[in-house]
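J.: Offset between the sequence shown (1-based) and our numbering: plus 499.
In short, the hints are calculated from the structure, not lab data. The beta-carbon is built from N, C-alpha and C at its ideal position, and this holds for glycine as well. Each hint should be verified, as a subset may be incorrect.
Simulated crosslink set (PhoX-like; lysine-lysine; CA at most 20 Å straight-line) [unchecked claim]:
id, residue 1, residue 2
1, Lys658, Lys646
2, Lys672, Lys658
3, Lys672, Lys651
4, Lys647, Lys658
Pair by pair, the computed Cβ-Cβ distance ranges are [stated by the list, open to error]:
id, residue 1, residue 2, range
5, Ile643, Leu675, 32 to 38 Å
6, Gln509, Glu674, 29 to 35 Å
7, Lys527, Leu671, 29 to 35 Å
8, Ile584, Pro637, 17 to 23 Å
9, Leu675, Arg616, 33 to 39 Å
10, Asn665, Tyr510, 26 to 32 Å
11, Asp564, Thr515, 33 to 39 Å
12, Ile643, Ile584, 29 to 35 Å
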Amino acid sequence: MPANQFDTLQYLAAGTTRQLAAYQLLKKYRLLETLHTFDPILAGTIPINIDIENSDLDIICCFTDKARFQQLIISAFAGFNGFTIVDTVINQQETIVANFSVDGCPIEVFGQYVPTREQNAYRHMIAEHQLLTHYGEPLRQQIIELKKQGYKTEPAFAKLLDLQGNPYLELLKPELISSLKNK
């Protein structure tokens, strides 16, 4: 699947049981439609089929007006179970993170001034998808096993691929993906 197919939800409708459930939930509650002015993209483990039971739906967004984004998040989602919102700084970027639950499914809405396709969550997902495509089902199963043991996604990839250094940075190195083309 080409990376740009993650930019819409159509792949979910024909995906795994969990992906189909995510698609139906996102459509039923119009979550991406509500966030449409902030270029929302579903990122994380569910799109690339390495989710585990407690994985959440990660929706990344780009805002140009942080206060407007925060107000929309509060007005649209504050009524959902477990709603929290935090105004913080992540990777030297002003960030809004909201968490809540919809029909028992945990949701995280993440916004920065950074365009969605340049955010680390999206870039990691694309790199991980390329690695999974290259190494196939054995890697996918090993990642899921490590995640069940408590590993976060990027450290799980780093452990299995023997990447040294910060796994969040190592996965973003262009030479990692370009080396796959030479194998």
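J.: Against each hint, give a clear statement of whether it holds in the structure.
T.: Here's how the hints hold up against the structure:
For the hint pairing Lys658 with Lys646, the CA-to-CA distance comes to about 11 Å; that is within 20 Å, so the pair holds. Restraint check for Lys672 and Lys658: satisfied, since their Cα atoms lie roughly 16 Å apart, inside the 20 Å limit. Between Lys672 and Lys651 the alpha-carbon distance is near 19 Å, which keeps this suggested pair within the 20 Å criterion. For a cut-off of 20 Å, the pair hint linking Lys647 to Lys658 stands: about 14 Å separates their Cα positions.
The hinted range of 32 to 38 Å is not satisfied by Ile643 and Leu675, whose Cβ atoms lie roughly 21 Å apart. The hinted window of 29 to 35 Å between Gln509 and Glu674 holds, with their beta carbons roughly 32 Å apart. Checked against the hint of 29 to 35 Å, the C-beta distance between Lys527 and Leu671 comes to roughly 34 Å, which is consistent with it. The hint said 17 to 23 Å for the Cβ distance between Ile584 and Pro637, and at roughly 40 Å that hint is violated.
Roughly 18 Å separates the CB atoms of Leu675 and Arg616, a value that falls outside the hinted 33 to 39 Å. The hinted range of 26 to 32 Å is satisfied by Asn665 and Tyr510, whose Cβ atoms lie roughly 30 Å apart. Taken as a hint, the range 33 to 39 Å holds for the pair Asp564 and Thr515, whose Cβ atoms sit roughly 36 Å apart. Taking 29 to 35 Å as the suggested C-beta distance range, the pair Ile643 and Ile584 conforms, at roughly 30 Å.
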